[in-house]
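S.K.: Knowing the structure of chain A, use the given hints to seat chain B on it.
2 protein chains.
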Amino acid sequence: MPTYKAPIEDVKFLLNDVFHMERYGNMPGFADTSPDLVAAILEEAAKFAEEVLQPLNRSGDQEGCTRHPDGSVTTPQGFRQAYRQMIEGGWVGISVPTEYGGQGLPATMTMIVNEMLASANMAFAMYPGLTQGAIAALLHHATEEQKKTYLPKMTTGEWTGTMNLTEPHCGTDLGLLRAKAVPQADGSYRITGTKIFISAGEHDMSENIIHLVLARIEGAPEGVKGISLFIVPKFMVEADGSAGARNSLLCGSIEHKMGIHGNSTCVMNYDGATGWLLGEANKGLHAMFTMMNEARLAVGMQGLSQSEVAYQNAANYARERLQGRSISGVKAPDKPADPIIVHPDIRRVLMSIKSFNEAARALILWTALKGDVQHRSEDGNARQAAEDHVGLMTPVIKGVITDKGFDNTVMAQQVFGGHGYIGEHGMEQFVRDARIAMIYEGANGIQALDLVGRKLGRDGGRAITAFFKEVSEFVKQNSEEAMKPYVAPLGEALAQLQQATMWFMQNAPKKPDNAGAGSSDYMHLFGLVALAYMWAQMAKTAQEKLKQGANGAEERMKAKLVTGRFFMERVLPETAAHLKRITTGADTMMALPAEAF
Amino acid sequence: MPTYKAPIEDVKFLLNDVFHMERYGNMPGFADTSPDLVAAILEEAAKFAEEVLQPLNRSGDQEGCTRHPDGSVTTPQGFRQAYRQMIEGGWVGISVPTEYGGQGLPATMTMIVNEMLASANMAFAMYPGLTQGAIAALLHHATEEQKKTYLPKMTTGEWTGTMNLTEPHCGTDLGLLRAKAVPQADGSYRITGTKIFISAGEHDMSENIIHLVLARIEGAPEGVKGISLFIVPKFMVEADGSAGARNSLLCGSIEHKMGIHGNSTCVMNYDGATGWLLGEANKGLHAMFTMMNEARLAVGMQGLSQSEVAYQNAANYARERLQGRSISGVKAPDKPADPIIVHPDIRRVLMSIKSFNEAARALILWTALKGDVQHRSEDGNARQAAEDHVGLMTPVIKGVITDKGFDNTVMAQQVFGGHGYIGEHGMEQFVRDARIAMIYEGANGIQALDLVGRKLGRDGGRAITAFFKEVSEFVKQNSEEAMKPYVAPLGEALAQLQQATMWFMQNAPKKPDNAGAGSSDYMHLFGLVALAYMWAQMAKTAQEKLKQGANGAEERMKAKLVTGRFFMERVLPETAAHLKRITTGADTMMALPAEAF
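Quick note, the sequences are listed as chains A and B, same order.
The working numbering applies: residue 1 is where the first sequence begins, and numbers increase by one.
The working numbering applies: residue 1 is where the second sequence begins, and numbers increase by one.
Okay, chain A solo, but in the shape it has when bound:
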């Protein structure tokens, strides 16, 4: 059976030593977030993830969700009880403003906790995760009355949330959307249409489900400019705030998916359901993207979560499984064979994943902290710079960490040989669960286009310029001998990324396909540079801590230095191939007629 241990020490290293969370102390929510409080929250969250959620992961996968003839859905055994503990722990609302019943802590803390929940049980963690996304949309776009109506119960988790975008004929291209909203005399709307792939669309864990639904108000313009966002609760909310009459919406079926079986992915039928406009009419996409952008970071984190738990299990197995002898001489003469961790090719897999995970976690936390600055700082320049950073990094984190996170689950599974292919060890579930993260909240090809087509050029390239400047300054300022193994390859990779960026500037305007043809490679090239930068910073911190006397963390700091070095030697060299591909352009790629495929 698979196991999971939350990476508490690693998170503390990042928050306290690398990113110096104490420097953010002047922002709301941070002042109260002392290292001790952080540690206490991490311990509690870890316990919940390891002891309550993880044991339900495999059984939840095997049992899946069941839809009944009346449209109701039962979640796997144990999910209801675990969700009750989730509510009791107050985990849904730790970063929601206190006025709506939350704890007002940094959103970074939610991200950290959610990684643990998702590692332990991704299908389960999606229920509160979707709720948090819906809360974000309401916080930004709802009227005060709407906030008071919905937020308190969503913050506790008593009510959950969903996002309804996709229809059978339209996913990426929301301009094709058909769901209809007809205005009523009382200010409400009648919503009619079919939505598919609705995660947590119907289930038995909460008293009410607040659906956020994209639809087109009768007579609205065609395309994306005529789309509005609506609040459509499963049960109408009574004047006293309780759930009342059933709304005209129903789960039509649940999808048979490759993974995340514990989450109910629904076809939702809205049949003249009562809804209320959220934000402005015809600006629904904008409102939805508030939710979507936070969700994309969370999905990137899911990629890490599966990579992490798969890695941990592979490492355990590699230490225990006896098979073959080391080619450099017998290592366990008292045993019938050596543990497979002595074999270089097994090490290659473990080091590849480990060096990815630790940098990915750093990149996510760094960006989550910037997200807190964006929303909480009183300094307008800092807010602007943080917003630039988050906008730039969101597609990178979503696209790269889910792509590579999935690859890592596959590599981790390989460590088990045939035992990885059967259900027992849980490895094949990590692969199946991780796979969705590359698809939802905008397939990774779309992330790459968002990065290259939108984020690079925005505001005259302000965000990317700032990033280049920060990294190159770090490289310059850390040229001492000990840092060379880290900053030399980082500098080289940065130069390649800059070349690629320049190539787009020169070749995409006259032929836009040149941008599309290189977008995925560019996103991955960018991701590698960002991760390498994380490693350079972590190496710097580790060296400083070792110099100061690492207080019992010597071995962990030494391991950081080795792992970062591995990343530079073995993972980063991929950048050259990305650059080469980008600069070949679109001609060959686009040459064949459609019927030649």
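Please note: incorrect hints may appear among the correct ones.
Repeated chains share a single entry, so a pair holds when one copy, or any two copies, can fit it.
[Stated by the list, open to error] The calculated BS3-like cross-link candidates involving lysine-lysine, where the alpha carbons are at most 30 Å apart (straight line), are:
1. LYS331 to LYS283
2. LYS283 to LYS148
3. LYS540 to LYS510
4. LYS47 to LYS547
5. LYS484 to LYS511
6. LYS510 to LYS580
FYI, nobody ran anything at the bench for these hints, they're computed from the structure.
M.R.: Chain B in isolation, oriented as in the chain A frame:
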């Protein structure tokens, strides 16, 4: 629902135009294999695959196999009937010598037919596939009496075969094997032990199942030098050749796997079962490897098979799915959106897979033809050279084509967005089915070690030297302008492979971990060079055909040239990163203590 169309034209192009099958006409089996006969066989096999097997693929996955309390196993609905058609078509034995009831055709033909069967239904195709492996072992190692007893009914497919190696505590490291064989007065043995992951171990499609089982004769030496191979039939064979009394062996359970649900993967319990020695005592591994090596090529082909069928479905979907508009201007103004095949990032995926599949098929067929030369040629030198080639290419084909074939199914699935994650379109099944090919018949890490640790140095490097010579001569002899886009990158990649080989020669003897640390990268670097060489040859052929007037194949030949170019520009650049990784050696990789993971 997924569809499949056998790549008949592509196979004919390879056999007739690229590899000139007619040149092999002097070998047994080839003389009768005229282009017309080949075409007829391909058409028939295609029909069987497309019309009978493919429609059972998804239902077979959903239903899976069922073990009953008495140990019997029922295959999914339709499998029995389809298998009867397989027998009637004579597909199992097309390459088996005529004296045992086969058609004596080249083994290459079996490989070609099997690709089609596996694309249509991999789980089904494994039943006859395992039988063919067992037939190979019997042909090489059985006594004449044993051959007469088993081969005729296995050749028709009335009886099927299995291979039993793995035990719960030993997979790769067969030296740890515990299954026991006790000699009996009549020359038979009593076999006792538990074998796991036995594909097609028990089912309802054939009258008898001939298990080939590795076990240790009482008193035999420890380790791999004390392992023997036994023939252990499910039903004892009577004097008249029919199946008689039940042997003492039973399917203890069937595994719950990630994929290939239509194949029954069994735990097999041998409880004093009667078996007969196959080949020499204590040389079982050698005999098993006859089977294993052919099986490894077949598994490489499975990687291609899933990549091919996944590609076809993705291409069809990309032509039909309307979503978004081309960034270079609207392409389908009469439709609400353009088909997604207009988007460069979708093209990138399709071209990547297409350019891989066509070269992989070439590499497999080229090597299959060499296999025929190895076994059928009267020229001793030719046989030797062919054996060298097959030995060298087997780990490359198995390791690279299954790794990349799996990646390709994942990429093809991505084209479908959310629709790729649900069962309906069949894409997620291709991913789950393809995954096993990276694991069984020697996990791909083992293939890489076989290549680097055994195949490179064997006979003073004769095989690799011959390969280098052949490729570099091709590069030299085809330096004309039209071939430059193909031979220039090929030459560069070859130089990198030679550098990597040299690096091992210089750095592995003094530190064997340096070989292990670079083995997987080396295998993939080798694979890229081999595939690029296939493209260079195919481009040459296509250019010649276009010059001669391609007789209606103009468009296909032009597409070959574009696709080959794409491979050179976008797939091959990976070689540099492999070389860089290899030459960093093992130090960083091996530096951490096991407990640091």
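S.K.: Please go over all the hints and tell whether each is borne out by the structure.
M.R.: Outcome of the hint check:
1. For the identical chains of this complex, LYS331 and LYS283 are inter-copy neighbours only, at 28 Å across copies versus 65 Å inside a copy, given an alpha-carbon limit of 30 Å.
2. For a Cα distance limit of 30 Å, the shortest separation of LYS283 from LYS148 inside one copy, 22 Å, qualifies, whereas the shortest one across copies, 79 Å, does not.
3. In this assembly of identical chains, LYS540 and LYS510 lie within 30 Å of each other by CA distance neither inside one copy nor across copies; the values are 43 Å within and 33 Å between.
4. Taking the closest pair of Cα atoms, LYS47 and LYS547 never come within 30 Å of each other, the shortest separation being 33 Å inside a single copy and 71 Å across copies.
5. Taking CA atoms no more than 30 Å apart as the test, LYS484 paired with LYS511 passes between copies only; the shortest distance there is 26 Å, against 39 Å inside one copy.
6. Taking the shortest Cα distances, LYS510 and LYS580 sit within 30 Å of each other inside one copy (20 Å), while across copies they are farther apart (35 Å).
Hint compliance for this structure: hints 3, 4 are not met, and every other hint is.
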